[in-house]
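**Q** Residue numbers (full-length UniProt numbering), protein chains in the order written: chain A, 1 to 417; chain B, 1 to 417; chain C, 1 to 417; chain D, 1 to 417.
Hints in this document: simulated from the structure, not taken from any laboratory.
Do not take every clue at face value.
In silico DSS-like pairs for lysine-lysine, Cα to Cα no more than 27 Å straight-line [said to hold, decoys possible]:
| # | chain 1 | residue 1 | chain 2 | residue 2 |
| --- | --- | --- | --- | --- |
| 1 | C | Lys181 | C | Lys150 |
| 2 | A | Lys417 | A | Lys91 |
| 3 | A | Lys234 | B | Lys281 |
| 4 | B | Lys234 | A | Lys393 |
| 5 | D | Lys342 | C | Lys279 |
Under 8 Å between C-beta atoms, here's a sample of chain C residues computed to sit facing chain D [as the list claims (entries may be wrong)]:
| # | residue |
| --- | --- |
| 6 | Ala153 |
| 7 | Pro156 |
| 8 | Leu212 |
| 9 | Val224 |
| 10 | Ala228 |
| 11 | Ala231 |
| 12 | Leu240 |
| 13 | His250 |
| 14 | Val264 |
| 15 | Gly270 |
| 16 | Pro273 |
| 17 | Ile275 |
| 18 | Ile276 |
| 19 | Lys279 |
| 20 | Val283 |
Note that the structure is predicted; figures quoted are calculated from it, not measured.
Backbone N, C-alpha and C fix where the C-beta goes; we use that ideal spot for every residue, glycine too.
Number of protein chains: 4
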Amino acid sequence: MDIFELRRDLHAHPEVGFTEFRTANRVVRELQSYGYSVAYGIDVMVPESRRGLPSADQLTRAYQRAKEDGADETILRAMDGGLTGVVATLKGRGDGPTVAFRFDMDALPIMESQESTHLPHINGFRSVHDGEMHACGHDGHTAIGLTFAKMIASQPFNGTLKLIFQPAEEGGRGAKSMVDKGVVDDVDKLFCFHLGLDLPLHAVSGGTNEFLASTKLEVHYQGVSAHAAAAPEKGRNALLGAATALLNIHALPRFSSGATRVNVGVLEGGTAPNIIPDKAKMVLECRAETYEDNLDLEQRVRAILEHSALMHGLTYQIENIGEAATAVCDPELKEVVLEAAKSVPFFTDYQDEHPLGASEDATFLMRRVQERGGKVTYSILGTTIAAPHHNPKFDIDEEILPAAVDLLLQIAIQSLK
Amino acid sequence: MDIFELRRDLHAHPEVGFTEFRTANRVVRELQSYGYSVAYGIDVMVPESRRGLPSADQLTRAYQRAKEDGADETILRAMDGGLTGVVATLKGRGDGPTVAFRFDMDALPIMESQESTHLPHINGFRSVHDGEMHACGHDGHTAIGLTFAKMIASQPFNGTLKLIFQPAEEGGRGAKSMVDKGVVDDVDKLFCFHLGLDLPLHAVSGGTNEFLASTKLEVHYQGVSAHAAAAPEKGRNALLGAATALLNIHALPRFSSGATRVNVGVLEGGTAPNIIPDKAKMVLECRAETYEDNLDLEQRVRAILEHSALMHGLTYQIENIGEAATAVCDPELKEVVLEAAKSVPFFTDYQDEHPLGASEDATFLMRRVQERGGKVTYSILGTTIAAPHHNPKFDIDEEILPAAVDLLLQIAIQSLK
Amino acid sequence: MDIFELRRDLHAHPEVGFTEFRTANRVVRELQSYGYSVAYGIDVMVPESRRGLPSADQLTRAYQRAKEDGADETILRAMDGGLTGVVATLKGRGDGPTVAFRFDMDALPIMESQESTHLPHINGFRSVHDGEMHACGHDGHTAIGLTFAKMIASQPFNGTLKLIFQPAEEGGRGAKSMVDKGVVDDVDKLFCFHLGLDLPLHAVSGGTNEFLASTKLEVHYQGVSAHAAAAPEKGRNALLGAATALLNIHALPRFSSGATRVNVGVLEGGTAPNIIPDKAKMVLECRAETYEDNLDLEQRVRAILEHSALMHGLTYQIENIGEAATAVCDPELKEVVLEAAKSVPFFTDYQDEHPLGASEDATFLMRRVQERGGKVTYSILGTTIAAPHHNPKFDIDEEILPAAVDLLLQIAIQSLK
Amino acid sequence: MDIFELRRDLHAHPEVGFTEFRTANRVVRELQSYGYSVAYGIDVMVPESRRGLPSADQLTRAYQRAKEDGADETILRAMDGGLTGVVATLKGRGDGPTVAFRFDMDALPIMESQESTHLPHINGFRSVHDGEMHACGHDGHTAIGLTFAKMIASQPFNGTLKLIFQPAEEGGRGAKSMVDKGVVDDVDKLFCFHLGLDLPLHAVSGGTNEFLASTKLEVHYQGVSAHAAAAPEKGRNALLGAATALLNIHALPRFSSGATRVNVGVLEGGTAPNIIPDKAKMVLECRAETYEDNLDLEQRVRAILEHSALMHGLTYQIENIGEAATAVCDPELKEVVLEAAKSVPFFTDYQDEHPLGASEDATFLMRRVQERGGKVTYSILGTTIAAPHHNPKFDIDEEILPAAVDLLLQIAIQSLK
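Throw the hints in and build the complete structure from the sequences for me.
**A** Now the structure itself:
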């Protein structure tokens with residue numbers, strides 16, 4: 001199966017975060033067949049560090065679907081419950097650095113377009129999973145990763161090659177569980193990539209800036225219901241707590257150190273006009289231009305949430321359902337990428353950095369590598385996109401796929417010596 | 001069909017407020033057959049004055065159900081969209097007062113019990129409409145009304161007899177639309193009734209006190225959504241408005257003139273953590289021991305709702321989805337009821353008044369009659385109840401039914417001369 | 001000095017709560033001269049249990065004033081800092097019950113009238129202390145207590161007589177410190193009194209009802225100031241915390257068990273528009289028809305205060321500056337009072353109980369006595385008042401004074417046997 | 001009197017905004033003596049457009065002080081009530097542009113240092129007005145303006161020279177009233193200046209950037225007081241309104257278009273714990289990096305203030321007590337300033353622009369001139385300062401004074417041809 005067929009197969013079978021059972025299954029089998037030592041499931045993820053896990057029901061349905069679709073059951077069982085991360089390792093001939101590449105595999109909960117201008121639809125590889133879609137190019141990332149894995153395996157190199165196939169990048173939910181398991185603790189150089197964004201075909205950036213740190217929280221308040229007329233004082237009013245939290249979270253101070261954002265995007269609670277509401281749910285996020293400000297802001301948000309509950313006698317649960325950090329790319333690796341690009345004729349436009357202006361949880365992998373003395377970069381590979389990312393009509397120009405594999409090969413050869 | 005069969009047929013076919021198509025259809029046909037002049041639909045209700053109308057979908061389903069069940073289509077069409085009130089008039093031989101009796105017909109959205117101790121289940125007249133149930137005795141009220149109508153029609157009397165079959169008493173939603181149409185404007189004496197409550201079988205009260213005035217509101221705020229990180233200032237945040245309203249409604253002052261209650265029982269808004277929420281919905285109620293305090297409180301609640309919206313640039317809709325007033329029974333009519341009861345051997349326990357401690361929209365009919373110089377009362381007819389009102393195992397002791405008809409006959413004979 | 005001169009001397013020298021240095025000094029000396037064993041200062045009060053203590057400055061000025069006015073310095077020193085309570089004990093000849101009478105001594109911070117209709121002004125005994133005034137009759141209470149003390153001392157009786165002269169009744173600030181010291185722990189019967197209220201001259205009530213439980217709190221929030229434009233995130237905003245507390249305190253639920261009240265009557269904070277406010281002060285009260293509801297409400301208010309501070313990173317101080325409980329008078333003692341009244345010809349109108357509809361901290365003494373098995377009552381002695389209590393033109397009809405002494409004598413004789 | 005004596009005389013007689021009676025009086029008389037046509041009082045200011053006017057009492061005291069100090073009474077009377085602006089016009093020989101220079105005259109409410117290192121104190125020209133001080137260099141501005149006025153008057157030039165002596169720059173309170181009167185409507189070129197800031201002696205900037213737009217508001221809420229226990233519903237609670245406003249103002253959205261700030265710096269209301277508070281006062285500010293965002297923010301703040309009052313039945317007054325805009329200096333005039341500086345040997349360091357990072361209401365004059373097609377600049381003239389601006393030990397190095405006059409002469413000569 002060539003890279004185009006591979007990408008189209010993945011595109012037709014999108015799986016949202018932590019349900020990449022079919023995708024990860026295939027990734028494991030392919031990598032094993034190329035001679036890699038492949039770890040997955042509990043061996044590459046800390047389950048508790050995952051964010052925004054789907055419901056048990058959703059996980060079960062996706063698991064069954066993958067099973068019916070022919071996934072290997074032994075591998076599948078190890079991924080049960082959403083442990084869909086994969087890490088493959090290949091030792092070179094002699095000593096040398098550990099060089100890692102990271103690929104994300106998850107799709108989005110979007111209904112793919114059926115319009116006559118949408119190529120995947122016309123060409124018969126539109127999503128067969130209703131309401132799920134590869135609308136951010138991760139199908140391409142995975143296809144590039146597997147093709148690159150196969151080709152580099154037959155090349156001579158020194159040191160250790162590490163391929164990280166990450167689940168649940170969307171919403172910032174999967175990277176942390178791999179970081180916490182230590183999968184990048186021995187990495188000397190980490191290369192991350194993304195297709196598209198606003199870079200045109202034939203352009204490539206050595207690195208990326210303007211990552212936005214963010215945290216998403218889901219909050220549940222539990223009070224006590226009571227008849228609102230007969231015994232209001234017997235109740236513990238969850239909506240009073242939630243309204244107080246909402247107002248005070250928005251009223252947190254602006255930061256002089258950089259832009260910040262807070263938003264309680266969802267608030268739901270109560271059952272009937274004559275019942276003191278005993279439950280309230282909030283979904284919210286905070287963001288900041290710096291990782292430190294976002295942490296500070298998150299702590300303030302949590303203090304508001306905690307004390308708004310306690311003042312009304314409520315218990316509360318606060319779940320982190322997604323997060324992303326900021327990161328700074330190392331000049332050395334940006335240069336590696338651009339030098340490699342110069343040896344791939346397809347690329348003609350070289351940029352030092354390209355702004356992301358969004359959140360990406362590869363930043364957690366990048367920060368950990370840097371904390372332990374390694375170097376990192378996050379490179380953008382331009383491609384023509386049919387519609388913006390996360391749009392039902394999103395599509396990439398597949399011409400970038402083989403060029404990307406060539407680029408990775410050049411980077412790997414240059415780095416593993 | 002005797003009164004027991006009639007009550008059981010109605011019990012088996014419960015219809016919630018404004019969907020009493022089958023019930024009202026039957027009421028119309030029976031009353032016509034007894035010689036009454038019968039008005040219904042738009043002729044006895046102001047559509048805009050109805051509160052808490054069901055969804056169009058619910059109305060249509062109930063309409064179809066009644067049609068399939070054999071309802072007369074001409075009558076049905078006049079009730080389309082929930083115009084299920086009926087008023088029957090019968091002129092006596094000579095001049096005399098206009099005396100009205102009021103019966104309510106609606107059921108509740110409750111799943112009726114299937115336990116082996118629940119008589120309607122054992123005896124085969126449990127609700128055939130899943131999730132609807134006569135759990136407040138209105139099936140009995142309607143059966144009494146029709147039986148009484150038939151019997152009084154053959155008796156000589158002076159003046160005018162008026163029978164009001166009201167839809168949607170539950171939640172305080174139907175009476176006002178009949179009042180606004182003027183159906184009691186010519187009434188000199190109005191007798192209202194309720195079975196059960198806490199009065200035992202064989203007991204009867206001449207009147208009722210401790211009506212609670214109440215208002216239920218459903219509120220919709222409409223703002224503008226925007227990306228919470230990219231352009232928060234472009235949004236108009238409906239949840240900020242709603243949280244402000246919720247806190248301030250609860251913070252309204254206590255009244256020295258009597259107990260009051262407020263409760264925002266439901267608050268729902270927003271879609272996602274990264275979107276400024278553009279919609280919020282609240283369902284709330286206020287209550288007071290006096291009608292005047294409740295009106296005052298409602299005005300304050302509305303001021304909070306209005307200005308909480310406007311301060312955040314939101315538009316708003318406030319719908320009254322239910323209301324009840326207070327009322328005071330006239331001693332003259334209480335005495336009429338008790339005198340009549342004394343001539344019905346079934347009754348052995350006579351009380352001047354019995355406290356309701358709840359809300360009842362017959363109060364609107366009562367107030368209007370009094371405003372125009374008439375007299376009113378609201379009498380409780382005791383019966384053994386198997387479980388509290390509004391409980392899935394609620395049931396009445398049918399022994400009260402023929403006794404109630406006798407009582408009404410005595411009242412009518414005594415009043416219509 | 002007769003009772004009229006005594007009352008006028010006290011009236012001319014009003015001293016607000018905890019500054020009754022001259023008054024208490026005189027009380028001590030008189031009682032000692034009649035043969036009582038007299039305790040005062042730290043021996044009859046727990047300093048920490050006092051509520052709403054005046055400023056050190058106010059205490060010092062009043063102390064100096066009393067000293068200059070000839071107060072005994074040894075006694076004065078023992079009362080330094082506001083320890084102005086006095087308890088006198090006199091043992092009878094034989095064994096018998098311990099019977100206590102309670103008198104309050106404090107004045108109010110009111111400027112006394114100088115109008116030509118105001119008797120104390122015309123007759124030259126208007127307050128010589130600018131801004132302080134006996135506007136609630138406690139001058140009469142103290143004069144009655146001392147005169148009674150002198151007369152009963154020469155009578156034969158059994159058991160133990162205990163006279164409690166309490167400071168700082170106004171605002172509910174002094175009784176608790178005497179209760180906590182245990183001054184009523186051995187009391188079998190406690191008689192409390194008040195002149196006036198709405199009872200006319202010649203009328204007397206055996207007891208009192210409708211005491212209102214209440215708590216007054218003074219709250220200080222401390223945050224961190226910062227430049228509102230240059231570094232808002234460096235601040236900890238005390239006004240955000242206070243505004244949140246204020247809204248949520250008012251939004252606490254109504255109680256079905258009886259009327260309640262909450263009010264944040266004062267809020268002050270901040271210094272300038274461009275400074276994040278680091279300080280806020282609130283003065284508030286809660287009340288309830290029952291002592292238990294008031295305690296419950298106070299706990300809720302404190303929870304709001306605490307968590308509103310903590311959510312914004314503030315420290316807080318909450319000081320109880322006044323409180324009162326409810327109490328129920330024992331029928332036995334009410335009868336004792338009324339029986340005694342019947343033997344004093346002055347009284348011609350006997351009432352079982354009279355409603356207070358206000359707060360009174362004698363309730364703490366009363367509850368303690370009852371907790372330990374004793375009996376209590378609180379009797380109202382009618383008198384004509386020139387203006388309502390706490391009014392600058394308030395005055396009593398002094399005719400009640402000797403009659404009240406007679407009444408107490410009869411009560412004492414009847415009880416101490 | 002030379003420029004040093006003049007500046008020291010002004011320094012010794014500081015007058016805060018709108019009380020510059022002595023200063024403006026002198027300005028008028030000097031300018032008249034040089035042959036200028038001088039307008040002042042109502043002729044150069046719209047009284048209603050003044051912001052943050054001192055109390056009537058403060059105005060009267062300052063007026064009396066000036067009168068006793070020998071001010072001309074005719075002029076004084078025209079400035080009564082705080083109309084202390086002055087505009088002087090001098091026509092040149094031939095036709096030419098209208099060129100304006102702006103000088104501000106007001107002092108600050110600061111107690112001037114008496115330390116031995118403070119030169120004005122040592123040299124005997126410390127403020128004779130307790131609590132008022134020239135701590136921002138406006139004494140120097142006025143001295144430069146008058147000296148320049150005298151010297152340019154004897155020089156030949158074409159066109160029209162306009163000298164604007166503005167009151168109440170501090171807090172952004174005086175400029176708008178002169179703009180609204182139209183005093184710069186005919187100006188082709190406007191030159192504004194400030195001494196010091198962070199520029200060293202001998203340095204000069206052609207223009208200024210980083211003006212901060214800001215608005216300061218003082219808000220009064222008026223409700224109805226009532227006894228908090230006896231009749232809480234009779235009250236209209238001003239603190240509930242104010243707390244709601246405070247929370248919601250802080251909760252206004254962050255702007256993606258640039259940094260914004262809001263701060264309710266002062267909140268005061270209520271009198272006693274048992275009284276529903278009928279009054280509340282807030283002092284607050286908003287700021288933004290752009291004038292448009294600040295206007296938008298101010299509108300949102302006003303909407304919150306208005307509706308928070310109305311929802312609780314309060315009336316409200318919102319007074320703008322200070323404001324400043326942003327402005328952009330025109331390159332042509334920056335060059336004029338720098339070219340002129342090059343011909344004054346004193347200046348050796350030329351900068352295109354210097355950041356202000358603060359608010360300045362000359363921006364209103366500047367914006368109006370530009371709106372009508374004119375050009376503007378705001379230049380900083382460096383001087384050594386003994387302590388930061390607005391500090392009790394602030395002082396300038398007087399060496400800058402004659403150099404500044406020379407610079408202005410060069411600018412005028414170059415511009416008026």
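**Q** Hint by hint, note whether the structure agrees.
**A** A quick look at each hint next to the structure:
no.	hint	result
1	Lys181/C <-> Lys150/C	holds (26 Å)
2	Lys417/A <-> Lys91/A	holds (12 Å)
3	Lys234/A <-> Lys281/B	holds (25 Å)
4	Lys234/B <-> Lys393/A	holds (26 Å)
5	Lys342/D <-> Lys279/C	violated (52 Å)
6	Ala153	violated (41 Å)
7	Pro156	violated (47 Å)
8	Leu212	holds (7 Å)
9	Val224	violated (14 Å)
10	Ala228	holds (4 Å)
11	Ala231	violated (10 Å)
12	Leu240	holds (6 Å)
13	His250	holds (6 Å)
14	Val264	holds (6 Å)
15	Gly270	holds (4 Å)
16	Pro273	holds (4 Å)
17	Ile275	holds (5 Å)
18	Ile276	holds (6 Å)
19	Lys279	violated (11 Å)
20	Val283	holds (5 Å)
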